[in-house]
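In case you want the letters, here they are:
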Amino acid sequence: MSTLVRDRAPVQTGPVSVRAPRKRLSRRTLLLGGAGVVWLLGFVFLHGTATLTLPASELTDLHRSLNQFNAWVASNRADNPVFQYVFTPLRAAVDAVANLFIGIFAASSIGLRLPEIGWLGTVALLGWIAFAVGNARVALLTAAVFVFFGLQGLFTEAAYTFALVLTAVLFTLAVGIPLGVLAGVYGRVAKLITPVLDFMQTLPTFVYLAPLALIFLIGPASAVIATVIYAAPPVIRLTAHGIRCIPENTREASDSLGTTGWQRLVTLQLPLARRTIVMGINQSTMAALSMVTIAALIAAPGLGQVVIRALQSLDVGTAVNAGLSIVLLAIVLDRVTTAASRRAEPGANRKRRISRRTRYILLAATLLVVLAAVQLSRTMLWAAAFPKELNVGPAIVSGVSSASEWLQTNLFLFTVSFREAVTNGILNPFQSLLTETPFYLLVAVIVVAAFALGGWKLAAVAASCLAVIIYLGLWSDAMVTLAGTLVATAVVMVLGVIFGVAMGRSNKVDQLMRPMLDAGQTMPAFVYLVPFLGLFGATRFTAIIAGIIYAAPVAIKIAADGIAAISPTVMEAAVSSGSTPWQVITKVQLPMARQSLALAANQGLIYVLAMVVVGALVGAGGLGYDVVAGFVQSSLFGKGLAAGLAIVFLGILLDRMTQAAAAHPVRKVPSAKSPAH
Amino acid sequence: MSKAGLLLKRTIPTLAGTVAAALLLAGCGGATVNQAAAAGASSAPCGTVNVALNAWVGYTANAAVYSYVAQNKLGCTVVQKDLSEQISWQGFGSGEVDVILENWGHEDLAKQYITDQKVAVDAGPTGNEGHIGWYVPPWMVQKYPDILDSKNLNKYASLLATSESGGKGQVLDGDPAFVTNDEALVKNLGLNYKVVFSGSEAALIQSFRSAEKNKTPLLGYFYEPQWFLSEVPLKKVSLPAYTPGCDADAEKVACDYPDYKLNKVMAKKFADSGSPAAKLLKAFSWTNADQNSVATDIQGGMKPDAAAKKWVDAHPDVVAAWLK
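Going line by line, the protein sequences match chains F and Z. The opening residue of the first sequence carries number 1 in my numbering; numbering runs sequentially from there. The opening residue of the second sequence carries number 1 in my numbering; numbering runs sequentially from there.
Quick caveat, the hints were computed from the structure, so don't treat them as lab data. Any given hint could turn out to be false.
Here are the computed lysine-lysine pairs in the DSSO-like style, where the Cα-Cα straight-line distance is at most 27 Å [said to hold, decoys possible]: (1) F:LYS388 to Z:LYS324; (2) Z:LYS155 to Z:LYS235; (3) Z:LYS268 to F:LYS388; (4) Z:LYS269 to Z:LYS324; (5) Z:LYS235 to Z:LYS143; (6) F:LYS388 to Z:LYS143; (7) F:LYS388 to Z:LYS309; (8) Z:LYS310 to Z:LYS268; (9) Z:LYS81 to F:LYS388.
Some chain Z residues well away from chain F (every beta-carbon gap over 12 Å; in silico) [as the list claims (entries may be wrong)]: (10) GLY47; (11) TRP56; (12) PRO125; (13) LYS143; (14) ASN188.
Output of the computed footprint for chain F on chain Z, the stretches with three or more beta carbons under 8 Å from beta carbons of chain F [claimed, not checked]: (15) 61-75; (16) 109-117.
Note that the Cβ used here is the ideal one computed from N, Cα and C, for glycine as well.
Working from the sequences, and respecting the hints, build out all of it.
Below you can see the structure in the form of structure tokens.
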């Protein structure tokens, strides 16, 4: 669940400027207001009728027929040609590569289960590679972090995770870069591929874990395949984007020299797009790490297993220790690939402090040291397995555990009453407003709202999304999910506005906040759940917090960028006319950054929705729970699959509606009721 | 041109380094500390055993003792993998899982993997008898003696309501992966309750503990053998009696859970390999009291391995019988 990279259609503002804005706006407000009133009236008078509630243990015929897939795979695995010639060889190939890297870095299957290269060799080799593709700073960081894994007592687990990420990234690039190039060169391919990528990115990861585990069986192979599916979209999108964004005149200059298509690709497009492609590799690597962690649920070895065990035993100390490893690994992967992309920047060579020659000599010399370290780590036990005496892991675990126990016992009253207040005061009423209104009324309300926001086309999209959700038999669960998602998004927007304004107005705050936001975004979703689970228990409230933490950094960043982008002259004018800072914020900055705020809301919503399933691991109900239950109970397999699809359609609906809302201004002139409240 | 050239030039050292490392590995392949040990260990004909680790402490106790004996008495390498119950079964086909140490029923999976696909075999009972049911903390039984009959539960629905249960009474369940008919039971017994998942055994235990301590009402899914029952003797609510076949249709269940003769399951390949660890698995059998004593130690903060050692050292004759 890393950063989604989306190619968005340019925001259209056409119709508004053409028509008289006032009149159009009033009709829109009227429609929205009318829909709201109908909804409330319907809730009051038709309360609890036609809610389409499906008890958790019950299935529809559709779910039962999806369940058949399970049985079909079981009976066809041995002799169906699709399995014989496609799935089984694919699994074998992926398994071979995964096991090769696992054998090199983590553990071999023989003897003492020591890896081919022990910890000392791994530290040296990876540090050297970081130096070769990046710089000395990231090399040092890499070496230090891997030694720290050893100190945490998690070297083997971290090495497993690293080996799987490496395997997954290799496959991702092997698939992603050619596809991205195709999509960049041929517009038609891009058109074909974009909706598929959109779908892949909104589909919750759990949904395809279950069928993948069924087809490819559990283990590293399925984990890698699932990871590739999750991690490929960013590199495909960015590769295509990089190639498409080459200036027209550069291309023409090359064409006028008579280059063929292939020559143009190799000599012009790929080199010029290189930096963007490496950025794509960076994004895909981060996505791969977060997915490999989750794939622990289908027997992917590594740090994810430690986190899952800790989640199950509510062991905050262990979870934090393993989570720290994951975050550090994320930082290393991020910094090294970022340094590599800097190096890939055109003209980066000239800025270097040491000459290329010196660098090569340095590389060659250090390589000898690395080889010596590798050899040592193969022949000496102390260099092969990290010395157990140097383990500070238990100290970290018990330290964090006692701190969290202190928090839990001393803040218990506060956390519980806060949770109960939010749940009873906001979440429950809102949820019942959505789940206890008759479905036909809500469909009508949403379609009318869609029409008001984006005309007939959007109304049609909304109607069909809702129809699919009803067809999937999960209307009521979808409304539970929608309630949680909207509440979380509202909080995300409040945070986005507050911190966005603070960051947009002050460079210092920006510099302070940005690394924290970056860390929040690179941290795999799993990790920060455990402490909140300890504080708030497994409830919808905890799930909402998980969504907020995941989505807030994106929203804050977009809001801050929007506010920082307001031209200084406008600000100057506002300040010189005697406005107080509050007036500047509410009357100038927020209205002028409205477009960015709407985009922040859109992205916040999509990110919160991406966490719905992970939230179900800590107590959220609705579609997320259906997906999790379908994953672990074979009798609910079909229902889980259907719930996953329902999440996708809910996502499409929310995305299109918020995009439309962003495209048209709600108010031309900001009134006193500013969005800051 | 020069850009592509640069790209090449930068990747060459990386490639060269990797190749050199690979060559080096190939060159000194024979002498690694790992393989030397492998040669030494080969006298004991036991390879690697992959043990699925399901998420409750009783299971952990079984796995800890089995692993300890396999490692220390047979010289096997044991790899434990945290997996949920049903996912573990899928591992028999792929070779990811050799052993499941405490299986609760799962007739459908047994049919699929043992009878139909023939990738797994039954390795006999663990000696433990399992019960699943709905439990309440002891203080509630003293105050509301008739709560132990499921017919009276609706009377207490409002007492047991929480902010998560939407105005109905709450039945607190564990991990969604556990064997459970509770959703169907609530519906088919006409109970005004809602099943809420706490997510794990640990969360269930924590909830029951604080319910007894603070005298707050709680009704929840629980099971034996379970070490926690000796700390807080929870009382079981009687549901309509189990009759064979009454739970055949998962959506229509309206009866209590059966008594589970817990058993072990192993991969067919592992069973046929002649590994002494497979023989050990078949022989592995102990009592609920044994499991609870190890589980209590683990829960008290002992490492599973240490808890297993303590039990094994205290019961040399039982272990000797397993190894015969």
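Next item on the list: Could you work out which earlier hints the structure fails to respect and list their numbers in ascending sequence?
Entry: Structure breaks hints 1, 3, 6, 8, 10, 11, 14 and 15.
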